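Number of protein chains: 2
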Amino acid sequence: MSEIIDNSDTQTRLLSINRYLNAGAFVRVRKLLHDIPAGDVALLLESSVTKTRDDLWQMLDADFHSDVLEELSEDVRNGIIGKMMPSSVVDALEDMDTDDLAETLSTLPEDVLNSILKSMDTQDRLRAEKALSYGEETAGFIMNTDTITLRHEVSVDVVIRYLRLKSELPENTDTLYVVNRQDLLIGTVSLARLLTSSPDVSVEEIMDDEPISIKVDMQESEVASMFERYDWLSAPVVNNEGILQGRITIDDVVDIIREDAEHSMMSMAGLDDEEDTFAPVGQSTKRRSVWLGVNLITALLAAAVSDMFEATLSQLAVLAILNTIVPSMGGVAGNQTLTLVIRGMALGHVSTTNSIWLVRKELAIGFFNGLIWAALIASVIAIWKQDYMLGAVIAFAMMMNMIAAGLAGATLPIIMKRMKIDPALAGSVILTTITDVVGIFAFLGTATLFLI
Amino acid sequence: MSEIIDNSDTQTRLLSINRYLNAGAFVRVRKLLHDIPAGDVALLLESSVTKTRDDLWQMLDADFHSDVLEELSEDVRNGIIGKMMPSSVVDALEDMDTDDLAETLSTLPEDVLNSILKSMDTQDRLRAEKALSYGEETAGFIMNTDTITLRHEVSVDVVIRYLRLKSELPENTDTLYVVNRQDLLIGTVSLARLLTSSPDVSVEEIMDDEPISIKVDMQESEVASMFERYDWLSAPVVNNEGILQGRITIDDVVDIIREDAEHSMMSMAGLDDEEDTFAPVGQSTKRRSVWLGVNLITALLAAAVSDMFEATLSQLAVLAILNTIVPSMGGVAGNQTLTLVIRGMALGHVSTTNSIWLVRKELAIGFFNGLIWAALIASVIAIWKQDYMLGAVIAFAMMMNMIAAGLAGATLPIIMKRMKIDPALAGSVILTTITDVVGIFAFLGTATLFLI
Chain R
1 MSEIIDNSDT QTRLLSINRY LNAGAFVRVR KLLHDIPAGD VALLLESSVT KTRDDLWQML
61 DADFHSDVLE ELSEDVRNGI IGKMMPSSVV DALEDMDTDD LAETLSTLPE DVLNSILKSM
121 DTQDRLRAEK ALSYGEETAG FIMNTDTITL RHEVSVDVVI RYLRLKSELP ENTDTLYVVN
181 RQDLLIGTVS LARLLTSSPD VSVEEIMDDE PISIKVDMQE SEVASMFERY DWLSAPVVNN
241 EGILQGRITI DDVVDIIRED AEHSMMSMAG LDDEEDTFAP VGQSTKRRSV WLGVNLITAL
301 LAAAVSDMFE ATLSQLAVLA ILNTIVPSMG GVAGNQTLTL VIRGMALGHV STTNSIWLVR
361 KELAIGFFNG LIWAALIASV IAIWKQDYML GAVIAFAMMM NMIAAGLAGA TLPIIMKRMK
421 IDPALAGSVI LTTITDVVGI FAFLGTATLF LI
Chain P
1 MSEIIDNSDT QTRLLSINRY LNAGAFVRVR KLLHDIPAGD VALLLESSVT KTRDDLWQML
61 DADFHSDVLE ELSEDVRNGI IGKMMPSSVV DALEDMDTDD LAETLSTLPE DVLNSILKSM
121 DTQDRLRAEK ALSYGEETAG FIMNTDTITL RHEVSVDVVI RYLRLKSELP ENTDTLYVVN
181 RQDLLIGTVS LARLLTSSPD VSVEEIMDDE PISIKVDMQE SEVASMFERY DWLSAPVVNN
241 EGILQGRITI DDVVDIIRED AEHSMMSMAG LDDEEDTFAP VGQSTKRRSV WLGVNLITAL
301 LAAAVSDMFE ATLSQLAVLA ILNTIVPSMG GVAGNQTLTL VIRGMALGHV STTNSIWLVR
361 KELAIGFFNG LIWAALIASV IAIWKQDYML GAVIAFAMMM NMIAAGLAGA TLPIIMKRMK
421 IDPALAGSVI LTTITDVVGI FAFLGTATLF LI
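Chains as they are written, first to last, in the UniProt record's numbering: chain R, 1 to 452; chain P, 1 to 452.
FYI, nobody ran anything at the bench for these hints, they're computed from the structure. Source: prediction; values computed, not measured. Hints should not be assumed to be uniformly reliable.
[Claimed, not checked] Not close to chain P: a few residues of chain R, all C-beta gaps over 10 angstroms, as computed: (1) K31; (2) D40; (3) E74; (4) V90; (5) V112; (6) R127; (7) S155; (8) D183; (9) S197; (10) L296; (11) A311; (12) N354; (13) Y388; (14) T446.
[What the hints assert, rightly or not] Straight-line alpha carbon distances no greater than 25 angstroms define the calculated SDA-like cross-link-like pairs of lysine to any residue that follow: (15) P:K130 x P:D217; (16) R:K417 x R:T298; (17) R:K417 x P:K83; (18) R:K417 x P:A279; (19) R:K385 x P:D307; (20) P:K51 x P:I297; (21) R:K118 x R:P86; (22) P:K166 x R:I206; (23) R:K385 x P:G445; (24) P:K215 x R:T352; (25) P:K166 x R:W357; (26) R:K385 x P:N172; (27) R:K417 x R:T138; (28) P:K51 x R:L363; (29) R:K417 x R:E259; (30) R:K385 x P:K130; (31) P:K83 x P:S119; (32) P:K51 x R:T352; (33) P:K51 x R:W357; (34) R:K215 x P:N172.
We put the beta carbon where it would ideally sit given N, CA and C, even for glycine.
Sequences and hints are given; from them, build the entire structure.
In structure tokens:
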């Protein structure tokens, strides 16, 4: 009978493992861990606090180590490997595909990596070094080398007989590759095509002889956007000469797509993408402190700007009360523009051809936003504080800051990308500094001129 | 020969289309649009301003309309459909798979949808209504109905002969489904398995007889996380009785994964996920104003809190200068926690079993953050303003606000999710309001008690 899965099934399973664990029913936990897929074990480990995670790992069959490690995020995986014996790590790594091996090894701390490489036999070490030889985040790094290749002159019947000699095809094989004597990729044949073709035609007649292939040094995020754009399940990887090197499958690309999309959100809050939700308090405090430190400096900078107007502030306390409104609105408006442009760049929509148009557009939105919110805040203040001049001053400051916000929000990520700085990481801090400084200057400066 | 693609190729192609378009070389544009894949045409349209987008659409072969519409994001697609003749829309929709048809129709404005349904012939309208009958964002909504089914008793040889009668298999077919006479799903056979099996064994012998299937009413984000967790390429969809209804393929799931991951980032900045980067100024200004309005209210709320301390502020202008530091640090720290918990919930890591642990952890981080930044700000202020008591006051306020930030950042999303409110959308506004109010109260309140 088929097993119908829904959300509650997975949650229930995780809940019951937790219950057994707390009750000390380790035999049951061990059995459950044995019965559920590696992806679920990984989810369970990632949803557990460090102590429980270590206990669960102890109870997991060593045969499953490799499958589960593949599915874990970097932080969690490194935490577990750091506590394993090098020899057990080596055993787990032996079972991994090339791409997972490269991914796992590349994120390990230097000393752990060295002790693991030392424990490997020569053959495994060579394989590991080959996997690590491609630059991180390139196609070569995420590809698998287990391709099935054909010659163009053989018939479909011969191909099918050849496949029947194998007990199974490499995981997620949907396409076979046609190469010449020099291993140059000359075509591709999907399994579906093979099955719908008459047995006596040759591979040459049914192959796609203009296959799109990926170069080993292409960036992984570019690979991911091609998979998305062309709805691929897999794609061949070739070197600069067009020689077949391996293949990339969609399951690895899915992880990259999620990571790329998450990266912007996490970076904008000053967090590492791979940040483990259940990391110990000390580690998390330390990691987040850099970002808070940067923010403290910008907050002090804003205070220093206000400090220049101390005489004004001491004469009119109402300015102190309203001083946060204009910077806050500028920060929010600028952040909307910044987020939109960062996403547009990630999706490949923003390029040199349209960036000037985009800056002009955001400037125009800043102008109209300025008009709307200046009018509104002027009315609110005029009524609340019964002071029309004060309303006019805050309206002018709002107008200035909204324009600055639109301009900064659109140009910052474009400039930063050209300077090879990640706009998701540093963009929002710089933006907020700009909108704070412009907002305070415009408000307190105008107030000093007209109200004192 | 194989075509090796890298990033620059796609960019160059887009650049030259833009150049031809500006030069009025429409014949060349038309030819290029004809030669590139639908995914690239969609990227080009999404990267263009509204005017160019309309021109390009005019030059696109009607045969490609359906393929390109499928690849576009909601906002852009609706803009284009809104300008097409209903009869042309109907022609494009006829060529779509069920899942793309449902997706396209469901996002259209009511009046456009009605005029299109009216232009359809009965058969197409029935298909459209069937596609729309499943709840939006469910498995039924995103599934395709073009499955290939087998009987368990036939041999591999017979299956292969049967497939050869078809000129091609439905797009992205990697698995065939085995059903009984009642269409109950009883097994699955991958194409790879079929090709590696001996011709005279029966389907029953090689099928996976415990296939995991998805129920039609499962939420699409849950479907996506299962595809990620189990590295699937496709999965069968069944109704409550286990009767096969269709299949979901990874290419549709990839879009959901990207949208889910982007949703949090866009929502946290008060933007719609599908927001078109190149929308006209008026439309963008209007859409963003709701969020700015909400923020203005919270900024006024913070100002009202400061207003309660007007007497204090008029006596000590230095308080006005430093009044923004504590709220700002609280906002940043709280936002880090909020982002982390929201992502943890999206990945399924945060659940009832560990949420109390998580709140305690973030509270502890808030406490240690408080200690660190209170000590630092006290030293800075004591040196800058030569006032130890002032340093002590701001340190106390920082301590209070960091704890409030950790507590609010961790509990808000958990509470909001239980109340079925999207924490990514409303979380950051409420959080900032809390850290502003607590920060100002703690700072100005303590200052009033000890410094005046």
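Checked hints:
1. Separation of K31 of chain R from chain P is adequate, the least Cβ-Cβ distance of about 17 angstroms exceeding the 10 angstroms criterion.
2. Against the 10 angstroms criterion, D40 of chain R falls within the reach of chain P, whose nearest CB is about 7 angstroms from its own CB.
3. Even its closest Cβ contact with chain P, about 14 angstroms, leaves E74 of chain R beyond 10 angstroms, as expected for a residue assigned away from the interface.
4. The Cβ of V90 of chain R lies farther than 10 angstroms from every Cβ of chain P, with a closest approach of about 24 angstroms, so its non-interface assignment holds.
5. Taking the minimum C-beta to C-beta distance to chain P, about 24 angstroms, the non-interface status of V112 of chain R holds against the 10 angstroms cut.
6. For R127 of chain R, the condition that its CB be more than 10 angstroms from all CB atoms of chain P holds, with the nearest at approximately 22 angstroms.
7. Against the 10 angstroms criterion, S155 of chain R stays outside the reach of chain P, whose nearest CB is about 14 angstroms from its own CB.
8. Under the 10 angstroms C-beta cut-off, the non-interface status given to D183 of chain R relative to chain P holds; the minimum distance is some 12 angstroms.
9. The non-interface label for S197 of chain R is inconsistent with chain P: the shortest C-beta to C-beta separation is roughly 7 angstroms, within 10 angstroms.
10. The Cβ of L296 of chain R does not lie farther than 10 angstroms from every Cβ of chain P; its closest approach is about 6 angstroms, which violates its non-interface assignment.
11. Consistency note on A311 of chain R: stated as away from chain P, yet its beta-carbon is not over 10 angstroms from all of that chain's, at 8 angstroms minimum.
12. A Cβ of chain P approaches the Cβ of N354 of chain R within 10 angstroms, the least distance being about 6 angstroms, so the stated non-interface status is violated.
13. With a closest Cβ-Cβ approach of about 18 angstroms to chain P, Y388 of chain R is found to remain outside the 10 angstroms limit, as its non-interface label requires.
14. The claim that T446 of chain R is not at the interface with chain P holds, since no C-beta of that chain comes within 10 angstroms of its own (minimum 16 angstroms).
15. Only pairs whose Cα atoms come within 25 angstroms are accepted, and K130 of chain P paired with D217 of chain P is accepted, the gap being roughly 14 angstroms.
16. Proposed proximity of K417 of chain R and T298 of chain R is supported: the alpha carbons are some 22 angstroms apart, at most 25 angstroms.
17. Between the alpha carbons of K417 of chain R and K83 of chain P the distance comes to roughly 35 angstroms, so the proposed pair goes past 25 angstroms and is violated.
18. Restraint check: the Cα-Cα separation between K417 of chain R and A279 of chain P comes to about 23 angstroms, which is no more than 25 angstroms; the hinted pair holds.
19. Under the criterion of a C-alpha separation no larger than 25 angstroms, the hint pairing K385 of chain R with D307 of chain P is consistent with the structure, at around 11 angstroms.
20. Taking the CA atoms of K51 of chain P and I297 of chain P, the gap is near 37 angstroms; set against the 25 angstroms cutoff, the hint is violated.
21. Among the hinted pairs, K118 of chain R with P86 of chain R is consistent with the structure: their alpha-carbon atoms are about 9 angstroms apart, no more than 25 angstroms.
22. Taken as a hint, the K166 of chain P and I206 of chain R pair is honoured in the structure, with Cα atoms around 15 angstroms apart against an allowance of 25 angstroms.
23. For the proposed pair K385 of chain R and G445 of chain P, the alpha carbon gap of about 22 angstroms is at most 25 angstroms, so the pair holds.
24. Distance check on the hinted pair: K215 of chain P and T352 of chain R sit about 46 angstroms apart at the alpha-carbon level, beyond 25 angstroms; violated.
25. The suggested pairing of K166 of chain P with W357 of chain R is violated, with an alpha-carbon distance near 50 angstroms, which exceeds 25 angstroms.
26. The suggested pairing of K385 of chain R with N172 of chain P is violated, with an alpha-carbon distance near 66 angstroms, which exceeds 25 angstroms.
27. Proximity of K417 of chain R to T138 of chain R is assessed by CA-CA distance (about 19 angstroms); at most 25 angstroms being required, the pair is judged to hold.
28. Our distance criterion of 25 angstroms between C-alpha atoms is met by K51 of chain P and L363 of chain R, whose separation comes to about 19 angstroms.
29. Between the alpha carbons of K417 of chain R and E259 of chain R the distance comes to roughly 19 angstroms, so the proposed pair stays at or under 25 angstroms and holds.
30. Of the supplied pair hints, the one linking K385 of chain R and K130 of chain P is violated, its CA atoms being roughly 60 angstroms apart against a limit of 25 angstroms.
31. Using a Cα cut-off of 25 angstroms, the hinted pair K83 of chain P and S119 of chain P holds, with the two alpha carbons roughly 15 angstroms apart.
32. Distance hint between K51 of chain P and T352 of chain R is fulfilled; the C-alpha atoms sit about 18 angstroms from each other, no more than 25 angstroms.
33. Straight-line distance between C-alpha atoms of K51 of chain P and W357 of chain R comes to about 12 angstroms, which keeps the hinted pair within the 25 angstroms bound.
34. Annotation: proposed proximity of K215 of chain R to N172 of chain P holds, straight-line Cα distance about 24 angstroms (limit 25 angstroms).
Of the numbered hints listed earlier, those contradicted by the structure are 2, 9, 10, 11, 12, 17, 20, 24, 25, 26, 30.
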